[in-house]
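If you read the sequences in order, they're chains A and P.
The numbers in numbering that gives the first Met the number 0 rise by one with no breaks, and the one at position 264 of the first sequence is 263.
The numbers in numbering that gives the first Met the number 0 rise by one with no breaks, and the one at position 269 of the second sequence is 268.
Fair warning: there could be bad hints in the mix.
[Unchecked claim] Think about it this way: if two alpha-carbon atoms lie no more than 30 Å apart in a straight line, the pair counts; the simulated BS3-like pairs of lysine-lysine are: (1) P:K185 with P:K252; (2) A:K237 with P:K252; (3) P:K285 with A:K101.
Bear in mind the hints are in silico, worked out from the structure with no lab data behind them.
Single-letter residue listing:
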Amino acid sequence: MSTKAKAAAPAKKTPLAAKIFLAIVAIYLLVPFATTFIYSLFVEWTDILPSGFTLRNYIELFGNMTFWASIGRTLVLCLISVAITIVLLLLAMYVVVAVNRKLGRFMQFACMIPYALQGVILSIGIISLYTGTGTLLSNRMVMLFGAYTILVLPYIYQGIRNALNAIDANMLIQAAEMLGCGRFRAYVQVVLPNIVSGILVSSLLAESIIFGDFVLANNIAGTNYQNIQVFLQANMGKSSGLSSAIVVVIFVVVAIVTGIVLKMQNGSQKTAKE
Amino acid sequence: MAKTSQKATSRPARTIPFAGYIALIPFLLVIIGYELLPLAQLVIDAFIGKESGALGLENFIKVFTTPLYQQSIVNSVWISIVSAIVGIVVAFLAARFAYESSPRVRNAFTMVLNMMSNFSGVPLAFAFMILMGNSGVLTLLGQQWGIPFLADFDLYTGQGLLILYIYFQIPLATLLLLPAFSGIRKEWREAATILQASSAVYWFRIVIPNLMPSILGTLSVLFSNALAAYATAYAVVMNNYALLPLQITSKFKGDVQIDAATGGALACVLIILMVVCTLINNYFTKRASKGREIV
Chain A
0 MSTKAKAAAP AKKTPLAAKI FLAIVAIYLL VPFATTFIYS LFVEWTDILP SGFTLRNYIE
60 LFGNMTFWAS IGRTLVLCLI SVAITIVLLL LAMYVVVAVN RKLGRFMQFA CMIPYALQGV
120 ILSIGIISLY TGTGTLLSNR MVMLFGAYTI LVLPYIYQGI RNALNAIDAN MLIQAAEMLG
180 CGRFRAYVQV VLPNIVSGIL VSSLLAESII FGDFVLANNI AGTNYQNIQV FLQANMGKSS
240 GLSSAIVVVI FVVVAIVTGI VLKMQNGSQK TAKE
Chain P
0 MAKTSQKATS RPARTIPFAG YIALIPFLLV IIGYELLPLA QLVIDAFIGK ESGALGLENF
60 IKVFTTPLYQ QSIVNSVWIS IVSAIVGIVV AFLAARFAYE SSPRVRNAFT MVLNMMSNFS
120 GVPLAFAFMI LMGNSGVLTL LGQQWGIPFL ADFDLYTGQG LLILYIYFQI PLATLLLLPA
180 FSGIRKEWRE AATILQASSA VYWFRIVIPN LMPSILGTLS VLFSNALAAY ATAYAVVMNN
240 YALLPLQITS KFKGDVQIDA ATGGALACVL IILMVVCTLI NNYFTKRASK GREIV
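Pulled out of the complex, with its shape left as it was, chain A reads as follows (with noise of 0.2 Å):
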């Protein structure tokens, strides 16, 4: 009789079993970084409860210059990155488009092996071949941004792939060649415009990735070049609250990130559902 009941009852009603679960996984998940932003907040937390509220934390970091040098290489570092791969994959997808479709399965296999490869093997393969060559290559910076640009390869790939697939690019470039425009220029003015969207929405999510990358930049760079993470790193056996205090700017850079991501991606599913 009840399990009748059960299975008649409109799953729109949320079962308290469920909401019981889903609180505690959310409350668990919530906890590390909860703490963290009220420890950011007072003097001291040797009690129960913590005491003595204080934007002492925030002040000290706001105000010291190595925080903001720290942030502005961690800019330099996303957007430089990110606008190189995005050059490279639209390149190389009009090859995919116009040219030689039967290229599209190598694409794909080159911009998923970083998925596999992940940040310590790619850091340490790069290392191992370019220091001490003595050339360009082996500048750091130069490493950094290769090393990156490989490393958000495949979410951007995917994002340009599906924006292509979308628009059926294929068509459209030979749509405008048949009224005699040129393929690369149907593909830039025609194909671009129309992807921009799609590919927004991937970059973002890799200019997140960059931002909360520790293993290249610490391997590659160091100390030579500290990224937000770095610095951190560097500062947690120092200061607890001047850390907990990046810990907290960072959480949030990367949060309003991906809540742009995730507007922008839901809009998009709207639209294309209508």
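Starting from the known structure of chain A, fit chain P onto it as the hints suggest.
Frame of chain A; chain P shown alone:
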């Protein structure tokens, strides 16, 4: 359809035949320079003996016979398997309950998952130090209230790392499993109820077998995710724990001399483990998509 499009594209362009391929060159250069050659370099490092300088398996023999490296491989695989399994069990229940919930609850829960899936690496390690480190909030509470598990908890060991790894597996696993549940049809439950199947039978003989490709695919993603994780572990224990990524990195970026031979061999072990995972994942995602086509 495919034929006609191929005809259209293979028609000679007005310009030089291979001009179209020029656009591929920058991409190829970067792929070769920063993806393929570094990989090749590691493999070459691995196969040139450290002592003898000759081509061979010397480095691999060393890796598999030195206790520290054996322990690293065992620890890495163990922490990856345990964190992946705990992650998938929690994720399965969470995804199941989220799927049964109202859209409002589900959206709020997915929002938490999305936000917290970004909370990893060094910030996560720091948060856990605040929480469960030597003078962490929970550790102090545990001492005051006499909870030995919290009071004596040591974050800076394998057990501590496991807690961290499980933490970052859960949101990822749930996000990966959630879409699979939309493939479960309401009619199946009704049909099962009409045929007098008990709730357990419904779950274990209908739902779980149906979700198996997604579950195993997710499991392999989680396994490789934990296997390659570096930042979290490094921030907690530095290089003072036998874990594959930590040992590999210390060979190339140590205060001591660089040992590319041993590092390369260790890296090859990690690559092989990762590739196996990726192949398993590909196999299951293909099967999962095939299954959906039939339905």
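CA of P:K185 to CA of P:K252, is that 30 Å or under? 55 Å, violated
30 Å limit on alpha-carbon distance, applied to hinted pair A:K237 and P:K252: At roughly 23 Å apart (the allowed maximum being 30 Å), P:K252 and A:K237 satisfy the hint.
Holds or violated: P:K285 to A:K101, with C-alpha atoms at most 30 Å apart: 20 Å, holds
Violated hints amount to a single one, hint 1; each of the other numbered hints is respected by the structure.
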